[in-house]
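Q: Sequence:
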Amino acid sequence: MLKIFIILVFLSIIASLGIALFHLIKNKESSEKTVKALTYRISISLALFILLAIALMSGLIQPSGIGMQMQLQKEKMAEQQK
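All letters in the sequence shown, in the order written, are residues 1 to 82 by UniProt numbering.
To be clear, the hints were calculated from the coordinates, so they are not data collected in a lab. Using N, Cα and C, we set each Cβ at its ideal position, and we do this for glycine too. Do not take every clue at face value.
Computed beta-carbon distance windows for the label pairs [to be verified]:
1) 78 - 43: 35 to 45 Å
2) 72 - 1: 24 to 34 Å
3) 25 - 68: 39 to 49 Å
All chains, please: the whole structure from these sequences, using the hints.
A: Rendered as structure tokens:
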């Protein structure tokens, strides 16, 4: 459920960026709609960052990937050397 929500937020960030680009191209001079769309994008990005930080700290999501696997291997090697 959380992954779907994160993907939807990413899509809304991309949509907001596309809307800003459209208004920038449509109105060659400074556009209030462009600024508003970019402001929404920044706000959504900040909210997503805070949501991810809270989810990571509360344990709703677990880090994985190459960096985490390397860290686990280092810990395992350190335990074997003791």
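Q: Does each hint hold? Answer for all of them.
A: Evaluation of the provided hints:
no. : hint                : verdict
1   : 78 - 43: 35 to 45 Å : holds, 43 Å
2   : 72 - 1: 24 to 34 Å  : holds, 27 Å
3   : 25 - 68: 39 to 49 Å : holds, 42 Å
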